[in-house]
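**Q** As a plain string of letters, each chain reads:
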Amino acid sequence: MGTPLDLFAAASAEGAWTVGEVTRRARAVIEAGLPPLWVRGEVSGFKAWRSGHWYFTLRDKAAQLRCVMFSRENRLLPAAPADGMQVFTFGRPTLWEEKGEFRLTVLELLSTEQGGLWKLAFEKAKAALLKDGLLDPARKRRLPPFPRRIAVVTSPDGAALRDIEAVVARRWPLVELVLVAAQVQGDGAEASVCAALARLGPGGLDVDVVIVGRGGGAAEDLWTFNSERVARAVAAVPVPVICAVGHETDVTLCDLVADLRAPTPSAAAEAATPDQADVLVHVAHLAERLARGLTQRSQRVLDRLDRTGDRLTGAIAARLERSRALLTAHGARLDALSPLKILARGYAVATGADGRVLKRMAQLPAGTSFRLRVTDGAVGARVDGSGEAS
Amino acid sequence: MDFGKQLERLEAIVRRLEAEDLDLDEALKLFEEGVERLRAAREQLTQAELKVKKALTGEGAGS
Chain A
1 MGTPLDLFAA ASAEGAWTVG EVTRRARAVI EAGLPPLWVR GEVSGFKAWR
51 SGHWYFTLRD KAAQLRCVMF SRENRLLPAA PADGMQVFTF GRPTLWEEKG
101 EFRLTVLELL STEQGGLWKL AFEKAKAALL KDGLLDPARK RRLPPFPRRI
151 AVVTSPDGAA LRDIEAVVAR RWPLVELVLV AAQVQGDGAE ASVCAALARL
201 GPGGLDVDVV IVGRGGGAAE DLWTFNSERV ARAVAAVPVP VICAVGHETD
251 VTLCDLVADL RAPTPSAAAE AATPDQADVL VHVAHLAERL ARGLTQRSQR
301 VLDRLDRTGD RLTGAIAARL ERSRALLTAH GARLDALSPL KILARGYAVA
351 TGADGRVLKR MAQLPAGTSF RLRVTDGAVG ARVDGSGEAS
Chain B
1 MDFGKQLERL EAIVRRLEAE DLDLDEALKL FEEGVERLRA AREQLTQAEL
51 KVKKALTGEG AGS
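As they're listed, the protein sequences go chains A and B. Read in my numbering, the first sequence has 230 at position 230, and its numbers run on one by one without any break. Read in my numbering, the second sequence has 3 at position 3, and its numbers run on one by one without any break.
These are calculated hints, taken from the structure and not from any lab test. Keep in mind that this is a model prediction, so the values were computed, not measured. Cβ coordinates follow ideal geometry from the N, Cα and C atoms, glycine included.
Derived DEER-like restraints, expressed as beta-carbon distance ranges: (1) B:D21 to A:R141: 34 to 42 Å; (2) A:R141 to B:R15: 23 to 31 Å; (3) B:E32 to A:K131: 51 to 59 Å.
Rough simulated footprint, nothing fancy, chain A against chain B, three-plus residues with beta-carbon under 8 Å: (4) 5-19; (5) 32-43; (6) 47-55.
List of simulated lysine-lysine pairs, DSBU-like, C-alpha gap at most 35 Å: (7) A:K140 to B:K5; (8) A:K99 to A:K61; (9) A:K140 to B:K53; (10) A:K124 to A:K61.
Model the full assembly from the supplied sequences, consistent with the hints where possible.
**A** Below is the structure:
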């Protein structure tokens with residue numbers, strides 16, 4: 001027989017712990033020993049209180065864990081979990097002293113219904129991108145209307161490149177396509193795509209738009225484009241990026257970060273380029289407007305010229321009228337002064353052989369022949385020598 | 001001049017010609033420039049041929 005356990009050796013008012021003390025101590029032990037962690041389990045007994053807080057139990061075959069998720073955290077979730085749902089929770093194990101209950105204070109909750117761990121990783125990366133503002137709609141840049149050079153980050157022998165080439169050649173052959181070869185699936189794809197995208201950075205290839213993508217494939221093969229590292233590389237490209245991973249249903253992280261998401265590489269090529277047929281129509285329209293613009297302008301100038309011409313003609317007519325009147329007046333005066341008028345009054349004019357008018361006696365010595373002009377003609381005459389000065 | 005800039009200038013010329021009270025000299029000058037730009041833009045459009053080149057494979061960019 002061993003010594004019986006002396007249960008009461010420490011039994012005294014001083015030696016016994018209070019409930020409060022032991023629960024507080026237990027809580028400290030739990031919180032120090034179990035840092036925040038991810039717990040996977042099935043939801044049961046879910047209840048949302050009016051306060052907005054959620055209470056439920058996580059369980060598996062072996063055990064259960066009481067959980068609380070406060071409204072501060074759960075209002076960020078799209079929906080409440082249903083009983084029976086498998087979930088991942090991230091929370092802080094603790095002890096609720098008031099009820100002496102071990103429980104998990106849940107900070108994040110993810111359904112594992114679709115995609116499981118993939119989804120979990122996706123959501124985690126997405127949350128990190130969101131926190132850094134990389135999913136902000138305001139970050140989305142407009143695509144240039146007439147790109148000069150488009151970089152295509154894809155596999156050099158995939159269907160994506162051929163599709164893009166065909167669409168661009170038809171729509172906008174003015175552009176130069178620059179293939180930046182990258183491995184888009186399998187081991188090393190992440191690093192390869194990141195390296196290709198990094199070449200489009202400042203001081204790298206000079207392009208206006210980037211198309212990053214690949215043809216269709218299984219959802220697992222899309223993983224490269226769900227990598228947080230690749231998504232951050234997309235966000236770091238200084239020109240607009242179109243993401244085209246050829247999958248209609250799954251939206252990848254790269255899709256979320258890119259300036260535009262296209263369902264297929266062909267659609268990306270369409271989004272990146274104008275259609276030359278449309279542009280030709282626009283150019284023809286501009287040509288019309290140009291011609292019409294000039295015609296209108298010249299018509300306005302011609303109208304003004306016409307008005308000025310009218311005024312000019314009026315001015316000249318008045319001026320001519322005045323001149324004519326003046327001319328008539330002058331004519332009358334001239335007429336009065338005409339020598340013919342004087343001859344008509346009975347005077348005569350003597351002119352010498354040289355046609356000069358003979359006005360003085362000295363010009364008319366005896367025997368000089370001269371002509372005498374009278375009103376109706378002229379006669380020859382000779383000086384007979386008689387005469388005296390007056 | 002690249003096509004986008006060409007078209008932008010052409011649109012600006014047309015707008016000025018339509019909206020502003022320019023004298024005939026200026027309007028003519030603009031018109032002439034517009035015609036030249038139209039010609040160049042049309043030529044670019046009709047003579048274009050898609051160029052595809054490969055960026056030289058740098059480190060980590062191989063497939």
